[in-house]
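Participant: Chain residues, written in single-letter form:
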Amino acid sequence: MAPLLKVETLSIAFKTRKGDVQALHEVSFEVAPGEVVGVVGESGSGKSVSAYTVIGLLDQAGRITHGGVEYDGKPVEGRQRELRGREISMIFQNPRAALNPIMPVGQQIGDVLKRHALAGRTDARAKAIELLKQVKINDPEERVDSYPFELSGGMCQRVMIALALACSPKLLIADEPTTGLDVTTQKATMDLVRDLTKARGMSVVLITHDLGMAAEYCDRIVVMEKGHVVETAPVVQLFTSPQHPYTQKLIAASPGPRSELADLTGGLPEAPPSIAPPRKREPGPERLLEVVDLVKEFPKRGGSFFGRKPAPFRAVDGIGFQMMRGESLGLVGESGCGKSTTSSIIARLQDATSGSVVFDGQDIVQHPAARFARMPERGRIQMVFQDAHDSLDPRWSAAEAIAQPLRRISGMRDGGEIARKVAELAEMVGLPANLLSRYPHQLSGGQKARVGIARAIATDPLLLILDEPTSALDVSVQAVVLQLLDRLRRELGMSYIFVSHDLNVVRLLCERVIVMNRGRIVETGTAEEVLHAPKDAYTQKLVSAIPHFEPERLRAS
Amino acid sequence: MAAIARLRYTMSENPLTVIGFALFALLAAMAVFGPLIAPYDPLATRAVNALQPPSWAHPFGTDHLGRDVLSRVIVAARLDLGIAFSAVALSFVIGSALGCLAGFRGGWTDRIVGRLSDTIMAFPLFVLAMGVVATMGNTVENVIYATAVINLPFYIRVARAEVAVRRNAGYVQAARLSGSSDLRILATQLFPNVLPPMMVQISLNLGWAILNAAGLSFIGLGVRPPAAEWGIMVAEGASYIVSGEWWLALFPGAALMLAVFCFNLMGDGLRDMVDPTRRT
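Here the protein sequences come in this chain order: X and G.
Taking our numbering as reference, the numbering of the first sequence is continuous, increasing by one, and the terminal residue is 734.
Taking our numbering as reference, the numbering of the second sequence is continuous, increasing by one, and the terminal residue is 347.
If we strip away everything but chain G, and leave its shape as in the complex, we get (with noise of 0.2 Å):
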């Protein structure tokens, strides 16, 4: 009950957030439910009816095997958002476990976390991505995990420094004087207080997920044709746009660009929501 009085509280302070959240539910609907909602079948094509501009049949047209746009694009939100959040889970548990912990102890586990993470920053993020996916294979799972190791500084770096500041704070000690060991207070004390910066850097990087994801498939690394996603739909539209059929590359990048500024709204809305010292 409490939990929904500060959902709503947050919401009326807030009307970004509740725009964020709604688009977050639509994004949400279209990954679960996509194959049900889409008006067609994604992956059918029929020649006859290749390249029609948007209409009230095809409301965003179709490409240039015939299939229906708005079909692919509903039915692409389950593999881009579930690239993004397992992505982002993963390199989320790894590296906010590497760097409380690197914060906390200092020293030699400070000095190998933080030349680990300065590593993997020292490369070009996307080329490095597409050097793990082209050595490991052109597979969904093969570009989550490089997803995962390109974001992992940044949780890593986020952790750390937010655990390290609080390392000597009062309530620290006190918890020692409470009886508690190290690990305790690393995950009672200090884990739940570093979580709402973590939640702002979470997601914005479900954005540059999905943005990553679909870069890589753009290239033609990853998820390959005829699979529905944003980034090879953009990547196979892009070539009509000369010759004046926009809508194959227009739509799919425009979901791409609401599902991104939806989860920047959103960590602003989260950031407020989880921080207690807002809660009245």
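Pulled out of the complex, with its shape left as it was, chain X reads as follows (with noise of 0.2 Å):
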């Protein structure tokens, strides 16, 4: 059969000022009517690149130096604008930016098919609420006049996909559609997109960061890797023989149900050998932390003036836990759980409405958030930030950034006993000395995560929260950024409170885990019995919902 699509030996360039910069190198491959492929490949592999030349939303910075792209046997250049939503379509990586915040989402969907004459001035209302049903939105009478912000993220990315069918296009373009939204709305946002685009034969170019989902997905496997194609095969074969070194790194990478944290990496720590034995702690309490009755609340808007106000809402909804020194605790849920209230409540960064935090044989919710920051036992406490870049001061390099807890909580003044613990805790996250005197924008992702994880360990806490440390790496960087954390832990003798959406890696790091749901507690246990055996009903959702890449199960089927 003829491809619909093909790629072929495509180059592109952009311009930079630092002179061409050449993103794609002779990438090459084709879609067949009906088929699904995934382009996989980690951030800066030019997987985006390939789709938005295709599509022909190259930024007017790139071209095309070599090959081409043909659709369905004629090259697409110059006809891209009359392809494009009748014959291609794409959906985005955030659907809320991109719809127009300022339109209701029904005419939205009616502007699109006004567009290409499907519809008249009186049936685009009709037609886009069949189409909104089609998605499996609720009420589509009521929601074709809601505006974006008033959806939920996964209502937001349907209401995309109804926006890219509905010109009946026989390509969609999915551009990590799921990023961003929970494993259980990823799921059936995911479902949706194979059982709507397989009704209609469509082929699909699903391009994404997660290995699982595209082998859940797709029909076949590309590749990417710095701007080349290293590998293309059909799912099974990718997973159970992978043929190139960076697939078969990718794939070891990606942690599994049953994957061990060595795994990750091949088996070679690519993490520096310890430098430090293990560091004996003085004896306290075995009891490290005790979470009793804790409630959150936060006021809700609204209410008349002089009526009654409404009730507040509940982020954290009571919970109560224990954590043993030396233990390493997970928090899962999804977003909105109340897991993130809790661990920076813990962390002593908001106050609580009520409940007590014992820590370490003394109640800290006590003393209110902003006076405790100066409070000695500050430093025992620490946290690593989800959005590693976020966390730093763009104007501090990263060496002031490390420095910072070490004046401000050990009381260091001196200049260059200072510059040596900097250089310590470098070497102990295994960042190299000459990338200290950087800037964040400087440095890349996983050299962030370090910073981040230096100025957390400076003061030498007790307890280190890592609110989802990883999730916005690549998983390469992830697999060593999680064996650094693990080797730290031992080394240092801390405890840990792993905040994350990902079972999989929850389970790499911690013995027990906490399931959170709607601000409560619906699941306590060891980490294998939570993944592989879970009782709440809630656990068993969550758990069904990650997609996953088994060879094994790949090859029954």
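Be careful, since some hints might not be right.
Partner residues are not named here, just some residues of chain X that face chain G (Cβ under 8 Å, in silico) [claimed, not checked]:
#, residue
1, A524
2, R555
3, Q559
Treat the hints as calculated values from the structure; they're not laboratory data.
Since the structure is predicted, the reported quantities are computational estimates derived from the model, not experimental observations.
Quick reminder that beta carbons are idealized off the backbone N, C-alpha and C, glycines included.
Put the complex together from the two separate chains, hints included.
Facilitator: In structure tokens, the structure reads:
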């Protein structure tokens, strides 16, 4: 069968201040009618650039230096405008940003239909409702008049899908369509895309960094690295016998339900070997942390001027748990479940409404958060943030960022002493010393994560709270950072609270897991129990939504 | 060394900035060395020489009292730039302090500071400045205060908005974890990060401040004759334009325009220099 889309030895160069940068090197792949092709690679591999070239949305600075794209046997060059929407359409990474915020979603769908003369002024609304019904939005008659901000992220992505399918195209390009969505929403969205495209016999190009998702939804996978296609193979073949070393590394680095921490880098630890012997801590109470009946309420807006205020929203609704010294505990749940609020109360960045947090024999919530910052206990609970880039002041170098807690908490004054300690910390987290003078925007994601970790362990804390520290990182970098965190915990005798939505990652680092939903704890148990034999209905749903690639299962099917 | 290299880099990137800085250097030289480089005494009157058109002896011509217009334009730079810089410095210091506090604390602080700046904005700004000078007395200091007051809301608003979006940024939380008090966070983390937009505001404002001071003098408030000041010179020269003596008003007006142009160009260049994400 003739391919629907043919990308042939495509090379793209971007013009920058420092001369041309080659983004794609002779990339070739084909998409047959009705086929689902996954384009997989880490950030900067050129997977989005190839998609944008196909649909003709390439940035001004980019130009094709070699090869080209053929759609249905003819080159797309010059006719992308007519192809776009009608033949090829696209769904984007951030649905909320891709929708016009000041226009009701129904009108946006209607505009696309009118633009392609598929609907007139009178029936646009009815057709928009019909499309919303097809993407399984509840109450489409009401939702057709909603603005994007009134819809959840998952709903916005459904509207985007409706927009993309409005003109019944033959090819759908999905660029990381579920980034930023919860796993259960991700599953629902991807199932919907699969069902709708299959029913219409459409081809799909799914661009993703998540190997699990590619395995679950694609027929064939194209693996890209630094602008090159390194391997193209059907799914089962790719996962059972990957040929290229990069594919092997990528597959190894993606944590599955059974992988071990050491497997992630193919058995070879990439982090430098241990430099310090395990540290002896002075003894303290065996129970490090006890959270009792913790509640956090946020006032709701609204209510009439004289009438009663509406009942406040309970983000954390009476949770309690205990943690032993040296233990590492996973806090799992979807966005809005209260896991981040809980961790930031324990880190004393927020005040609780009621309840107590007993840390090392002392109730720490009785001190207001603003005062806690100046107390000696501050140094014993530290935190690593989700977004390493956001957590570093853009005007401070890496060394200054790491030195900050040393100056403020440890009370170091002597410049030479601080520099020595900073160098020691950088070595512990595997950050090359020559990067210490750099600013955050000059560091890679993995390096910024290391700076954040070095800063958090600078005061030798007893408890380290890790708020999704690897969620913004590429899988191969995530693997190394997870190994680093595991080694540091053993060497420094710290306890971890690991906050994450990804049970597979949590399982690698934590002995015990707490699953939260709507501000409450729904299940507690060892990581293995929760992942392999979940008891609570919500946990079961969460576990089954994680996209897996298990070679055994793939081979069987 | 690194600073010089960065300066050179920014300059090569943006030739307009070079023009802006060159103009500024010229204006600064006029302000500092004005009386030394002026060919004549700016205040010396010679009735014989009145209303001479531009010539080799008097490139900008002479005014109705026979004073050399070129000398007066050069000497006036000190007074005009002095008023503009003091006024802008005053409103920058007070406005950014108030704005940062309002953005960081929110709540009542924000409301009071916000209403204060709304109140100032509610008046036609030039009329407000006139009112301030008229009630407080006709002196150069009062022109500075008046100009500072009417520029205050712009600094408050920029600082408040920039601080408010960064108030809960990751690095602010991280600074709290590192044991920094709120005041320290404001001073060491937030304020330096709102400087780039403030720099742009400052240099645009310098232009406005000069215009404002000149405008006040034009209508007879603030600087008084016979002091050399661009606004007064334009005012005095305006009545002679109809009778054909255009050079009286044109040259001080051109100096005024060049100064405003220069500060606008510099604003763009400064933003590039102080923004660390453009450092390479």
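Participant: It remains to establish, for every hint, whether it holds in the given structure.
Facilitator: Each hint, compared with the structure:
1. A524: Where the cut-off is 8 Å and the nearest Cβ of chain G is about 7 Å from A524(X), the hint holds.
2. R555: Check passed: Cβ of R555(X) comes within 5 Å of chain G, closer than 8 Å.
3. Q559: holds (6 Å)
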